Structures are given as C-alpha cells and as structure tokens.
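> Here is how the chains run, residue by residue.
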Amino acid sequence: MSVTISPKRLRSEFVRKVKELSGQNLQSCYQCGMCSGNCPAASNMDLSPRQIIELARLGFEEEIVNSKTVWICASCLACTVNCPRGFDLSKVMEAIRLLTLRENVDHIRPEDISPQERCELPQIAMVSGLRKFTG
Amino acid sequence: MKTKARNLEEPAVASMEVLGLKLEEIPRWNCCGAVYSLADDDLIHQVAPVRNLIRVKEQGKDKLATLCAFCFNTLKRANLLMRENAEKRDTINNFMDEEINYSGEVKVVHILEVLRDEIGWEALTQKVKLPLRELKVAPYYGCTLLRPREVAIDSVENPTILREFLKALGASPVDFPESTRCCGSYQIISNPDDISEYARNILNSALKHGAEALVLTCPLCDYNLGQGQKELAKKHNGFKGMPLFYFTQLLALALGLDPQVCHFELNYGSPESLLREKNLLS
Amino acid sequence: MSVKEENKNPAETAVKEKKQIEAKLIPIYIMGKRYEVPEGLTIMKAMEYAGYKFIRGCGCRGGTCGACGTVYRKPGDYKLQVALACQKTVEPDMYMAQIPFFPANRAQYKFADLTSAPEEVFKLYPELFRCVACNACTKACPQGIEVMDAIAALKQGNIAEAARLSFDCIQCGLCTSRCFGELAQYHMFQLARRIYGAKILPRAEHLAEMVRTINEGRYDQILDELKHVKEDELKKLYQEREAEPMPSGEDWKPKDTRYL
Numbered sequence: 001m002s003v004t005i006s007p008k009r010l011r012s013e014f015v016r017k018v019k020e021l022s023g024q025n026l027q028s029c030y031q032c033g034m035c036s037g038n039c040p041a042a043s044n045m046d047l048s049p050r051q052i053i054e055l056a057r058l059g060f061e062e063e064i065v066n067s068k069t070v071w072i073c074a075s076c077l078a079c080t081v082n083c084p085r086g087f088d089l090s091k092v093m094e095a096i097r098l099l100t101l102r103e104n105v106d107h108i109r110p111e112d113i114s115p116q117e118r119c120e121l122p123q124i125a126m127v128s129g130l131r132k133f134t135g
Numbered sequence: 136m137k138t139k140a141r142n143l144e145e146p147a148v149a150s151m152e153v154l155g156l157k158l159e160e161i162p163r164w165n166c167c168g169a170v171y172s173l174a175d176d177d178l179i180h181q182v183a184p185v186r187n188l189i190r191v192k193e194q195g196k197d198k199l200a201t202l203c204a205f206c207f208n209t210l211k212r213a214n215l216l217m218r219e220n221a222e223k224r225d226t227i228n229n230f231m232d233e234e235i236n237y238s239g240e241v242k243v244v245h246i247l248e249v250l251r252d253e254i255g256w257e258a259l260t261q262k263v264k265l266p267l268r269e270l271k272v273a274p275y276y277g278c279t280l281l282r283p284r285e286v287a288i289d290s291v292e293n294p295t296i297l298r299e300f301l302k303a304l305g306a307s308p309v310d311f312p313e314s315t316r317c318c319g320s321y322q323i324i325s326n327p328d329d330i331s332e333y334a335r336n337i338l339n340s341a342l343k344h345g346a347e348a349l350v351l352t353c354p355l356c357d358y359n360l361g362q363g364q365k366e367l368a369k370k371h372n373g374f375k376g377m378p379l380f381y382f383t384q385l386l387a388l389a390l391g392l393d394p395q396v397c398h399f400e401l402n403y404g405s406p407e408s409l410l411r412e413k414n415l416l417s
Numbered sequence: 418m419s420v421k422e423e424n425k426n427p428a429e430t431a432v433k434e435k436k437q438i439e440a441k442l443i444p445i446y447i448m449g450k451r452y453e454v455p456e457g458l459t460i461m462k463a464m465e466y467a468g469y470k471f472i473r474g475c476g477c478r479g480g481t482c483g484a485c486g487t488v489y490r491k492p493g494d495y496k497l498q499v500a501l502a503c504q505k506t507v508e509p510d511m512y513m514a515q516i517p518f519f520p521a522n523r524a525q526y527k528f529a530d531l532t533s534a535p536e537e538v539f540k541l542y543p544e545l546f547r548c549v550a551c552n553a554c555t556k557a558c559p560q561g562i563e564v565m566d567a568i569a570a571l572k573q574g575n576i577a578e579a580a581r582l583s584f585d586c587i588q589c590g591l592c593t594s595r596c597f598g599e600l601a602q603y604h605m606f607q608l609a610r611r612i613y614g615a616k617i618l619p620r621a622e623h624l625a626e627m628v629r630t631i632n633e634g635r636y637d638q639i640l641d642e643l644k645h646v647k648e649d650e651l652k653k654l655y656q657e658r659e660a661e662p663m664p665s666g667e668d669w670k671p672k673d674t675r676y677l
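Residue numbers (the numbering used here), protein chains in the order written: chain X, 1 to 135; chain W, 136 to 417; chain D, 418 to 677.
Worth flagging that the hints you see were computed from the coordinates, not collected in a lab. These numbers were taken from a predicted model, which means no experiment stands behind them. By construction, the Cβ of each residue, glycine as well, lies at the ideal position given by its N, Cα and C atoms. Zero decoy hints are in this set.
Derived pair list, reagent style DSBU-like, types lysine-lysine, alpha-carbon separation capped at 35 Å:
#, chain 1, residue 1, chain 2, residue 2
1, X, K91, D, K556
2, W, K365, X, K91
3, W, K223, X, K19
4, D, K556, W, K137
5, X, K8, X, K91
6, W, K137, D, K527
7, D, K496, W, K192
8, D, K540, W, K370
9, D, K450, D, K491
10, W, K137, W, K271
11, X, K91, W, K223
12, W, K192, D, K491
13, D, K527, W, K139
14, X, K91, W, K198
15, X, K68, W, K369
16, W, K242, W, K262
17, D, K540, W, K137
18, W, K137, X, K91
19, W, K242, D, K496
20, W, K365, W, K375
21, W, K192, W, K242
Chain X side only, calculated, beta carbon under 7 Å to chain D, not exhaustive:
#, residue
22, P110
23, P115
24, R118
25, C119
26, Q123
27, M126
28, V127
29, L130
Pulled from the structure, derived: some chain X residues nowhere near chain D, Cβ distances all over 12 Å:
#, residue
30, S2
31, V15
32, C29
33, M34
34, N66
35, C83
36, D88
Chain X on its own, in the form it takes in the complex (with noise of 0.2 Å):
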C-alpha cells in the first residue's frame, strides 16, 4: 500500500485542529507504543492508539475518521499516564471525537439507548455517555 505524505497534509485544517483542541505537541511522540501496550481496549480498536497519533500528525484524516478507535476509547488514561515523553494522548482522542460532534454529526442518539438501560443504568453513565457521543 502506498500513501502520499505531502506538506498539503501536514499543513492540513485537520492537523491543525488536532493540535489546537488537544494543546499537545504531536512532534513529541517517538512512536514507542507504550500507549498502545497499556490500553485495555486496544484489542478491540482497528487502529492501535499509536497509529492514531502517526495518522493525525501526517494528516491522514479520512483513515482516522472512518475508524472506529477514537469512539471506543474510554478515556481511561492508561496511555497518558503510562507515556514516557509525558504527552497526553487522551486529549489527541477528545479532540478528534470533537471534531465530528462539533459538525453536529452525533456518534449515538440518547433514543438509540433501550428504556430499560435508561432506567437501570446510573445517571452519571447516561451524564457521561452523551457528553462523550454527542455534541
């Protein structure tokens, strides 16, 4: 498989987004995969949280928008805090979920969730669970 990397991409909206809603340094990361050794939802991700960030940093916006990573991330930061060059990856993840809620492209509907969990399921799982999925 052959990609393109080109300043058009590292110069792109997207990375610059990236960048400005997380406030990281993307250049920091020395792609050692600690983050993704630590994540407990890593086996279920298409792409491990060490791709993602090499993704964002070249600009490969479509690839991470069209996986499923970013939206199975518990925010748990494993991966924070376990990173060696102290950069916070779960602000890299909050940032790439804001940018398609802030399009008002929501990842769940609060009817998508059963009234029986609605009424089971504590308030700060429901409180919790919007805030993450939509905008």
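Got chain X; can you put chains W and D on it based on the hints?
Here is chains W and D on its own, set in the frame of chain X:
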C-alpha cells in the same frame, strides 16, 4: 447517590459520623458532569464542576470530600484548572456572572484520603468492632482515583491505599494485576459487549489470585462489573462471578453499624451469603 | 376677577385638552423596526398600537398562559432580558422579539401506566442528562424559576423537589430556546408535577372516607326528603337552619345529630 448508589452514600455518612466527622451535603448542588472535558478550548463543560466548588465556598467551607471516584476526578481537575490557568479562570468567572468569583480556594479530596490522612489507619483500626476476618477482598481502583498524575491520591503504578484500608478493617486484601484497569466507563451505553469483555478480564484475574469479592469506589464500575457479570453468566455457563462491595459498606460493617444502612440488597453478586459464610452478618 | 371665562372656541379647547391627556411617546424596536408608542402600555398593547394583530403569541393577557414570551435588550447592554408581553410595560429603546412558540421535544406517554419512580423521567427524556449547568435557562425564565436547580433535582431523582421548584412554570418555552443541551425543561417539569400530584402527594384520607360514606348512602334519605319539600318550606328550612356559632368549641354538636 440518592437513588441507585444509596449503598455507597448511606454507609459513608453513618461511618464518618462514628469516626467523628460530620459530612454536610452541599446545598443546591448540581451534577458535575461526570467526565472532565479534555478539549483545550472547552470551557462550558467546566462550569458545572466549578459551580459546585463555588457552593462550597459560599458556605464558608474550604474542603470538598467526594465519595464517587468519577466525580472526584472531574471536580479535582476542574479545580486545578481554576487554580492554574488565569485566562480561563477569568473567562469562566465572567461567564458565571450570577455567582461569586472562584479561584480554587476549595480543596477537593476523596473520602479514602480523609481516612488515611485525617483519621489514620491505626485510629481506624481501634474503632473497628467487627474485624472482617478471612474476607479475601481484591481492591479495585479503576481509573479515576489515580489518573492523571496530578489528581492521583496514591502511587499511579503501585497504589496501596485500598490495601491499607482493608487491612485496617481486618480483612485480607488480595492484590491482582488488573486492579487499575479500566472497567470501560461510559462505553456501556454504546458498546456493552466490550464491557462484558473487560469485566471478564478483571474478574477472572481477581478470582485467579484468590479473591472472594471486589471492593469498589465508583458506581459506574459497580454497574459495569455487576452487569458485565450477569451478561457473562448468561453467555458462558461456567463463568464464576463474585460479589461487589463499596468501600463504605465494608467500613460501616467493620465499625459495627447496623447492616441495614449498607443496603446490601442493591449490590450485585449477593454479598450477604458471602458475609454470612464468614460470620460477618447474622 | 371674571367669574368664568366664556368658552369662545370649544374646538380649540378640546384639542388643547386632548394634547394634555395624550401620553408621552417613546421609541421601541419591534423585530428591528422602530415605532413610537405611548409609554405606560404593556409590550402587547404597544405592539397592537403599532399595528400588529396577534393571532399567535397572545392568550390570557393575564400573565398565566405563557403564550407571549418576549426577549429584549436595552441599548449599551449585551445582556438579554425576558418578559411576558402582556405584563411588562414598555421602556424607551427596548429592542425586542417574540417567541410565541418553540419546538420542544414532548415525549409521548400514557400517564396511567407510569409509576412514581424518577426513572420514568429518565426513560422518557434521556436528553435530561445533556444538561451542563450553564444556567441559561434560569436567566431566560420570566417567572423567576430556578430552572437549572429544578433540572438538577430531576437528575438526582427528586421528583418532589422538581415539582416544588417548577410550580410557577407557565410553559412559555423560553428556557428551551436558550438551552445548550437542547432540553425541553418545561415538558419535563410538567411530567414531574403530574407524577407528584397523582402518585406521590399523600391522599387526604378523610376525603376518601367521606366519599365512601356518601356512596354508602348515609345522606340519601335527607337528600330525598329535601327533594320532595315544597319551595316555600325549603326556603323556611334554609332560613331557619342551625349554623355552627362562631367561635365554637370542639364539643359543640348540632341539635339534629342524625347525620353526624
């Protein structure tokens, strides 16, 4: 806390009173939002936790003790933001023009910290009337008490606070490697199958290391691990789950309080039978 | 000193008098367009003076129906203010628009099937959990209700408190129009009040007892008797009826104790 997590709050209030500390509920509190917003430019989601901190300040108090680990994390991180970032602090204060100004005057702590730092394990042991002997409990921290580093109440890699807590109560803590692994949190609303998988990993590991029960600090962990167990039992015939306790229930029990205040009927995994087995419940 | 000046020019006098009782005109801006209206009028009357005919956004004209929610600003102030057009008097340079209707989500339910559990509200209005406590709703309420606090009560599962706090709600919808989380606060509150009134508020037992007594026929005989009494006799009975004296002690009993 008033509905589904009564079994976390009520034993806490009762226990703290016995230990000489009265927990006062903040008036006019609102939901803190449960998760801390991770976006750099997002200030509206900081308003909810900051409002609660302002309520504490309005009462003339300077310390907020939380029971739920999820809320602890959000409140503490929001507090740090208000203390450290002058520009955001000003913007948020200006936005909340109907409230007094706030710049981080309140300290946010978790009840476990209060037990460790203000009461002390030895003093706690002295008040124990019913040592939880032979109860092999695995401490489960989850994420929010220990991550990120700036809010952690203990060592991030090797926490011991729950172990010390359990020992103070006379129980036998069982350490296991998954004790800080995420339960899946809010993914329960969109990916419940993943939650079952995480529950299986955590519970199997605890079981393998000899635990008979798990002790928790967060109602969402309780739901995920509890509901996860139910789903797993349905799918895999041989799956063996275990009872889940809140740390406040064990505290109240060990202090000799009436078990009614613990509301064990709300727990997953029928803890009463385990407690009766150990002669800790009549 | 002359006795009374003869009114030489009645028409001129009438015009002068009319000018004296004419109110001062002040400028207001209705949806961006400037009008001069007499001060002292309510917004609603001022709009009608300016030529607007209300076929929506007007109801009881008494501050109770919630149809005439109005949003306005004053010059030099960025803050939005709210009022009911039928209640609020116009102020100079008021810059306003009306919100006679706002599309708010109203859940469909069969009330008889609901229990008194707070989970009923979570089930019907899951968007309740999108509230971020921004307080825009409270600022938008013309009735001074603490909307954010009432929503917080609902989230906490306290239907009684939500019902109490939202008692003055007139369903104007201004809260929903400003809500960050797109909640329909007033519909949620109405559900809370309905559940509270029908399923939580304790029943007056003495009332139920009385209804039972009546249905068992205790008063059938006397009612029957009275039905057959002639009009004159009825009037006499009424005028000569025994009334409980004011004040009377607990031991007081009427002369006719048949129906106690």
